[in-house]
Each structure stands twice: as structure tokens, then as C-alpha cells.
Amino acid sequence: MNELLLLSPEIVITIVAFAVLTLDIIWKGDQRSAKILPWVAFGGVVVALLATLNVWPASSSEFGIATDSAGLIPIMAVDKMALFFKVMALLTVALVGLSAVEYIEKNSPFRGEFYALTLFAGLSLMFLSSATNLVMIYLSLEFLSITSYILTGYLRRDNRSIEAALKYFLYGALASGVMLYGFSLLYGATGSVDLATIAVNLGSANVFLVVASVTLILAGFGFKIAAVPFHQWSPDAYQGAPTPITAFLSVGSKAAGFAVLIRVLVVALPAYSFNWTVILSMVAILTMTVGNLTALWQKDMKRMLAYSSIAQAGYMLIGLAAFTSQSSDNWSNGVQGVLLFLFAYLFTNLGVFAVVIVLENKLGTTNIADYAGLIRRSPFLSIALVIFFLSLIGIPPTGGFMGKLLVFGAAIDQKLYVLAGIGILNSVISVYYYFGVVRQVFFAQESDETPIQPGFVMNAVITVTMVMTLILALYGQPFIQFATDSADILAATF
Amino acid sequence: MLEQVPVSHYLLLSAILFSIGAGGVLIRRNVIIVLMCIEMMMNAVNLTFITFSRYLDSATGQIFVFMIMAVAAVEVAVGLALLVELNRHKQSVNIDDFNALKG
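In order, the protein sequence lines correspond to chains H and P.
Position one of the first sequence corresponds to residue 937 (the working numbering), numbered consecutively onward.
Position one of the second sequence corresponds to residue 21 (the working numbering), numbered consecutively onward.
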């Protein structure tokens, strides 16, 4: 029974998701499905969040499926890092679900399914963050991908949404094929699909096969976190998807990509850790630079945020590169930085998207030019937008600053001065496009002067994300501790 | 008899199949053919898993293949559904006609 308790967050989410789906069928065409189901889903997420915190002290066990010959093959680990990412997944689902209420009611006749699918997507993130076995990683990654394709194409009547989904699907299927080929070669080289066993057998494995397979696997994960050169899907998918789903993709699936990337690199490939610094640094530099430079001339807010989130993934990769180059005594620094960065990024980016959703609901557009004079129409939204942008740039007193401080600090600690330098340079470049929006909001002349009033739910979402973004910097110690604990357990296990 | 065909031949065959599939995904413009090429990549992976499974005498690879076949079926179902829906808007299955999003 104890093991079931460790899985209680997943069980709760599964039950609630099916309950939402069933209620949607029972209440078909009824107003209740639009009004009540979001709150059913939200309640489920809150319960799951409490269950996750309840599991926290007991964590660090492994689950397995029984096999006839070898006893137990571990497929999932409930360690502190997995729980950290589960908390992130649940927070993402809660905030995305709440900010979608008005948007979905306005744009789609199918409402209940949306919340069920969002819950399933959250469930896949939770599985992905605990997976310790290539089979489980593949299954949860596909679970996430397939729900994401459906959610991206959710606005069936809008051909941009469907087109975005199809492009996302084609790139995604290609990436998962490439990743699978990597898995099969890794299995052949080491004779196992369990990450810990792979690490043990790696020493005696064929080096050529291992290098080839790891390159292919990194391509698959690079797709999930939208790292250059596997990023082409993300601007199209982000622009065409329903805006709450864009928020989900930019935060949830990126976080999950990092969860699995960290686990595979740290657990399965420690002998090669040192060598991957160069590859990860190159990818980080490319990702930051391409993301930031392309963002400079975007006219559409969602597309600009897509490139901005590509750049953010580049900063996070710096932390990972700094980690892999470290010797085993104080290496948790880089990963701890990535975790804190992701945590700050979650609130910041979901906050930005909440503002974008409010404006899209009221103005019917996501063009940056239409944000002109927003400060006179809604001071609250404008101030929130400025705070979120400060955090994305990494200016104190915001969470984004703390994340960047730890990530760049880890890189400098590891004498990766060039990498840190390019990261800082990129942060400076990013000021230009973020403040291009701020300039529109504050100084451009508006054509329409009617005030914009976000509803109660959106106000709550924006306030919570804004307060969290500030708290992470002003009262960050508990969160840094949280991230450090989560990274530490990884060190203790392996 | 299997012993007479070395493992490397199977691996080479699957590598060739995989390359043809990946090349097709990148080159072909018809989405249905692209979907077929993706299937081909998956089957190349399956062949690799089976080969290693036989070579290493471990059943894990075969279990993995069952998972891949199931997931590939689901994936294609979703992909075809998206294509049917998009075909209603655009009356085309050519990837170059899907150009509402760019920049």
C-alpha cells in the first residue's frame, strides 16, 4: 500500500481527468460543462499537489515491474527531483487551466474535453519526470506529444490551429523516430533499457555505438525543449495553438524535456559527462543567439514569446553544460541553477501568457502594435507585463534574476567564461525586443480608449504569478533550498 | 539459419531503412507519403530492437517493439485526423500549401 501512496498524485490526476471526461459526456451541450468542469479539474490538481507534498518526506524509492528472470526492473523513481518536477507540472496545469476558462468558452464549442486533455498532459509530465527506464521515457514522452498535438489543434474551425498542430506533429514524429533509433542503439550497446544499468555497462560498450546513440537521443530531447537546431516547429506551433496551450507548451513541455534530459545525462551517462560539455555549450550558444536575434523583428506577440522561450531554454542549457563539466564534489550547482531558473520561468512565462490571453479575449488580436497605449487602458496589466519582462531579461528584483544568477554563476565557477559571457550578452540583446513591447504599451498612441477589465479569475492568475515572480527574488531562500534539495538527492542516489 | 547471417547485416539493413525513411520525411511534399516514411523509420527501429534482442538473448527489446507498434498506431491516427481536418480547409495534402503561419 505504501507504494501506491507514493503514486497518489498520478492516481488523483488520472481519476479526475476521467471524471471530467465523463461529466462532459453526461452534461453534453449544457452550460454546466463550461462553468463547473474547470473547477472540478482545478480541485483535482490542488488535491494532487497536496498529495505530492505529502509524499515529499518519503521520497527516493523506486518502482518496478516484475519480470520472470531478473526480478525487478525499475521503471519509475519517486525521488526529490521527480517530485520537484511534479510540483511544477501541477502548478502549470492549474494556472493554464484557470487562464483558459474564458478563452475556451469564447473560442471553442468543446469545453470539457479541453480540461480533461490538459489534465492528461499534466499527467504525462509527471510520468516523464519520474521515468528511469527507456521504455517509460519513450511512453511518457509520446503521451505528452500526442496530447500536445491534439491540444494544439484544438480550435478545429481555425485553420491556423490545425496547421500548427500538423507541423508540430510532423516534426515531433520525426524527432521521436530519431530518438527511438538512439534508444535502440543504446540498448544494443549496453544490453539494458534501465538508466542505472546502462551507466554500469557503459564502460564495456562499443564507443562508436554509444556516441551515435547519445547524439540521436539528444536530438529527440532537444526537440522537446526547442533547442536550436531542433526548434523550427516551435514558432509555428506557438502562434497557431490556442494561447493557453502555447503557455503550456512553453512551460510544461520544456520543463519535462529538461527533467528527462537531466536524468538521462546524470544517471545514464556519467562516464561521458565530461565530454558533453562541449556539445551542450555549443547548443546553448546557438539556442540563445538564434532565439534572441530572431525575436528582434517579430510583430506577433505569441511568435515573439516563442523565440523568447527558445532563448530561455538556451540559458538553462548553460546550467546543464556547467553541471556536466564538474567533478563529483560540488556539481549540483549547475542543476540547482536550472531547477530554480525553471521555477522562476514557470511563473514569469505563465504570467506573460495570462496577460496575452486577457488582451486576446478583449481585443481579439495578438499583434504587438495593438497593445499601444495599454497603460491608459489597464495600468494593472501594463505593470504586470513590465514585471514579467524584467524577470525574463533577468533584472532584479525578480525570480528570473535569481535563476540567471545561479546558472551563470555555475558556468563561471566552472571556468566556462565564454559561455557565461555570451549568455550575458544575449540577455542584453533581449532587452531590445522586450522593451519594444513596453514602449508600445507606455508611449504609443491608442486608437481606442475603453478600459480593459480582466475577469476575477484572470486577475487572480496574474496576481499570483506576479507575486511569485517577485517573492522568488525578495524571499528566495526557501526556494533555493527547495531546488538544492531536489538536485542533491540526485547526487546521493548516484 | 540465423547463425549464418551476421548481426551486422540486420543492423545495416535497418540503418538503410531508417535513412530512406528520414530522407523521405525531409524531401517528400505529400503529407501522406511523409506519414508512410515515418512508419518506415519506426519499423527500422523495430528491426534494430529485435536484432539486438536476439543477439543479447534478452526479451526487453521485444517488449519495447510492442510498445513502439502500439504508440505508432496511435500517433498515425492523430496525424491522419489532423490531416483530414486541414484538408477540409485547404483542399490539399501538399505540405507547401500549409503556409498560414510564417515569419
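Some hints here could point you the wrong way.
Some residues of chain H that are not near chain P, with every Cβ distance over 10 Å (derived) [as the list claims (entries may be wrong)]:
no. : residue
1   : Gly-1113
2   : Val-1114
3   : Phe-1119
4   : Val-1364
5   : Phe-1392
6   : Asp-1421
Lysine-lysine pairs mimicking DSS-like chemistry, simulated, CA-CA at most 30 Å apart [stated by the list, open to error]:
no. : chain 1 : residue 1 : chain 2 : residue 2
7   : P       : Lys-122   : H       : Lys-964
8   : H       : Lys-1351  : P       : Lys-122
9   : P       : Lys-110   : H       : Lys-1042
10  : H       : Lys-1042  : H       : Lys-1235
11  : H       : Lys-1235  : H       : Lys-1351
12  : P       : Lys-110   : P       : Lys-122
13  : P       : Lys-122   : H       : Lys-1298
14  : P       : Lys-110   : H       : Lys-971
15  : H       : Lys-1351  : H       : Lys-1042
16  : H       : Lys-971   : H       : Lys-1298
Far from chain H, some chain P residues (derived; all Cβ distances over 10 Å) [claimed, not checked]:
no. : residue
17  : Gln-24
18  : Pro-26
19  : Ile-40
20  : Ile-47
21  : Met-61
22  : Glu-95
None of these hints come from the bench; they were simulated from the model.
Glycine is no exception: its CB is placed at the ideal position from the N, C-alpha and C atoms.
Hints and how they fare:
With a least beta-carbon separation of about 4 Å from chain P, Gly-1113(H) fails to lie farther than 10 Å from that chain, contradicting its non-interface assignment. Its closest Cβ contact with chain P, about 7 Å, brings Val-1114(H) to no more than 10 Å, contrary to its assignment away from the interface. Interface exclusion of Phe-1119(H) from chain P breaks down, the closest Cβ pair being 8 Å apart, not more than 10 Å. The beta carbon of Val-1364(H) is kept farther than 10 Å from every beta carbon of chain P, the shortest such distance being approximately 24 Å.
At the 10 Å boundary, the C-beta of Phe-1392(H) stays outside the reach of chain P, the nearest C-beta of that chain being 33 Å off. Every beta carbon of chain P lies more than 10 Å from that of Asp-1421(H), the smallest distance being close to 33 Å; the non-interface claim holds. Restraint check for Lys-122(P) and Lys-964(H): the C-alpha separation of about 37 Å exceeds 30 Å, so the hint is violated. With a C-alpha separation of about 40 Å, the suggested pair Lys-1351(H) and Lys-122(P) falls outside the 30 Å cut-off, and the hint is violated.
Simply put, Lys-110(P) and Lys-1042(H) have alpha-carbon atoms about 24 Å apart, close enough for the 30 Å limit, and the pair holds. For the given pair, Lys-1042(H) sits about 24 Å from Lys-1235(H) by alpha-carbon distance, which is consistent with the 30 Å threshold. For the hint linking Lys-1235(H) to Lys-1351(H), the alpha-carbon distance of about 38 Å lies beyond 30 Å, and the restraint is violated. With a C-alpha separation of about 16 Å, the suggested pair Lys-110(P) and Lys-122(P) falls inside the 30 Å cut-off, and the hint holds.
The straight-line distance between the Cα atoms of Lys-122(P) and Lys-1298(H) is roughly 25 Å, inside the 30 Å bound, and the hint therefore holds. Distance restraint check for Lys-110(P) and Lys-971(H): the Cα-Cα separation of roughly 34 Å exceeds the 30 Å cut-off, and the hinted pair is therefore not satisfied. Simply put, Lys-1351(H) and Lys-1042(H) have alpha-carbon atoms about 52 Å apart, too far for the 30 Å limit, and the pair is violated. Taking the CA atoms of Lys-971(H) and Lys-1298(H), the gap is about 20 Å. The hint holds against a cut of 30 Å.
The beta carbon of Gln-24(P) is kept farther than 10 Å from every beta carbon of chain H, the shortest such distance being approximately 20 Å. The beta carbon of Pro-26(P) is kept farther than 10 Å from every beta carbon of chain H, the shortest such distance being approximately 14 Å. Chain H leaves Ile-40(P) outside its interface by the beta-carbon criterion, the shortest separation being 12 Å against a cut-off of 10 Å. Residue placement check: Ile-47(P) keeps its beta carbon more than 10 Å from all beta carbons of chain H (closest about 12 Å).
In this structure Met-61(P) is not separated from chain H by more than 10 Å, as the shortest Cβ-Cβ distance comes to only about 4 Å. Non-interface status of Glu-95(P) relative to chain H is broken: a Cβ of that chain comes within 10 Å, the nearest being about 6 Å off.
This entry does not satisfy hints 1, 2, 3, 7, 8, 11, 14, 15, 21 and 22, going by the numbered hints stated previously.
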